[in-house]
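Trainee: With our numbering, the residue at position 99 of the sequence shown is 99, and numbering never jumps.
Some hints here could point you the wrong way.
Computed Cβ-Cβ distance ranges for the label pairs, DEER-style [unchecked claim]: (1) T97 <-> L33: 37 to 45 Å; (2) T202 <-> E84: 20 to 28 Å; (3) M125 <-> T97: 26 to 34 Å; (4) L152 <-> D173: 23 to 31 Å; (5) S203 <-> I127: 22 to 30 Å.
Once the Cα atoms are required to be at most 20 Å apart in a straight line, the calculated EDC-like pairs of lysine to aspartate or glutamate come out as [unchecked claim]: (6) K250 <-> D107; (7) K157 <-> D238; (8) K250 <-> D132; (9) K88 <-> E60; (10) K46 <-> D35.
No lab work stands behind these hints: they were computed from the structure.
Each residue gets a CB set at the ideal place from its N, CA and C atoms; glycine is no exception.
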Amino acid sequence: MRVAQPSLSRQIRDLEHELGFPLFVRTTTSVRLTDAGGHFYQAAQKLLAQLSIAITSAQEVSNGRGGDFNIASDWRIPMNLVPETVRKFRLRHPKVTVHFADLQIADQIEALRTGKIHLGFVPEMAIGAREDLGLMHVYTGPLVALLSSAHLLAGRKEVSLRELAGETWVNVDDGTRTDFRTFLTQMCRPAGFTPKMGRSTTSAGGIASLVAAGEGIALVPQFVVPNDSGGLCMMPTDCPPMEMYAVWLKRAPSPLVERFTEVLRGEVKRLSQPTAGKNPRGRKTQADPV
Numbered sequence: 001m002r003v004a005q006p007s008l009s010r011q012i013r014d015l016e017h018e019l020g021f022p023l024f025v026r027t028t029t030s031v032r033l034t035d036a037g038g039h040f041y042q043a044a045q046k047l048l049a050q051l052s053i054a055i056t057s058a059q060e061v062s063n064g065r066g067g068d069f070n071i072a073s074d075w076r077i078p079m080n081l082v083p084e085t086v087r088k089f090r091l092r093h094p095k096v097t098v099h100f101a102d103l104q105i106a107d108q109i110e111a112l113r114t115g116k117i118h119l120g121f122v123p124e125m126a127i128g129a130r131e132d133l134g135l136m137h138v139y140t141g142p143l144v145a146l147l148s149s150a151h152l153l154a155g156r157k158e159v160s161l162r163e164l165a166g167e168t169w170v171n172v173d174d175g176t177r178t179d180f181r182t183f184l185t186q187m188c189r190p191a192g193f194t195p196k197m198g199r200s201t202t203s204a205g206g207i208a209s210l211v212a213a214g215e216g217i218a219l220v221p222q223f224v225v226p227n228d229s230g231g232l233c234m235m236p237t238d239c240p241p242m243e244m245y246a247v248w249l250k251r252a253p254s255p256l257v258e259r260f261t262e263v264l265r266g267e268v269k270r271l272s273q274p275t276a277g278k279n280p281r282g283r284k285t286q287a288d289p290v
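I would like the entire structure built from these sequences, with the hints used as guidance.
Mentor: Below is the structure:
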């Protein structure tokens, strides 16, 4: 320990005084731990071991080799992008635990700034002030009108939103989210109308089912239309394409952000290739990291 015996003895007596009980039984020929001293020694050993574990795990977090990584995803992101990115990220960083947060678009930027999440996915129109944000363009895709195959407009090559002003629109709402309604309202505003909302569902599959049953029409990114789209008519619209971005704080509190965006950038690049960027329906995903 490289501590002089008189100094060590004095430190032990000071500790005993602070604890309020003796740690050792001292005789002229020997020194041994008291029962209380033995218990204190064992407890201290456990605490030191836990402290060592805490230091090691904190160092792993600080170096981007461990810890928790919190992501807020979004239904407007291609189904294969986030899961595949997370899978590859976990292979590279097995000590990192990835958590998914179910947040509305309007709440994601605030969650970034308050430290609740490390990274989110939001449409360009929802980003707002971005001086403190890091951005990566991950997806560009068309918005299509989804109609029943029995609809009067079914079979058209294209339809403008203005022509759909009198329609009833299927909504996505689980009782807590309003972002789909906000999205649809924002899309319809340039066409001069506010959409009349009809039946609600909680999933893309539910949208297809309600539309096919004639309960209304929908405006969705093309990639969410199910492969088995019997009873549906998917029509291009005059809406601007959907632009989606990964978003994080430039001054990220965790080096895991850099690790994750590195994997994400590679996955976006892979999906942008002609042979890799097709979903099961053969639609090309356009993605351009910035």
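Trainee: Give a verdict on every hint.
Mentor: Against the structure, the hints:
1. T97 <-> L33: 37 to 45 Å: Because 41 Å falls inside the window, the suggested range holds.
2. T202 <-> E84: 20 to 28 Å: Between T202 and E84, where Cβ atoms are some 24 Å apart, the hint holds.
3. M125 <-> T97: 26 to 34 Å: Cβ of M125 to Cβ of T97: about 32 Å, so the range 26 to 34 Å holds.
4. L152 <-> D173: 23 to 31 Å: 27 Å, holds
5. S203 <-> I127: 22 to 30 Å: 26 Å, holds
6. K250 <-> D107: 18 Å, holds
7. K157 <-> D238: 12 Å, holds
8. K250 <-> D132: 6 Å, holds
9. K88 <-> E60: With Cα atoms ~19 Å apart, K88 and E60 stay inside 20 Å; holds.
10. K46 <-> D35: Holds - the C-alpha atoms of D35 and K46 are around 17 Å apart, at most 20 Å.
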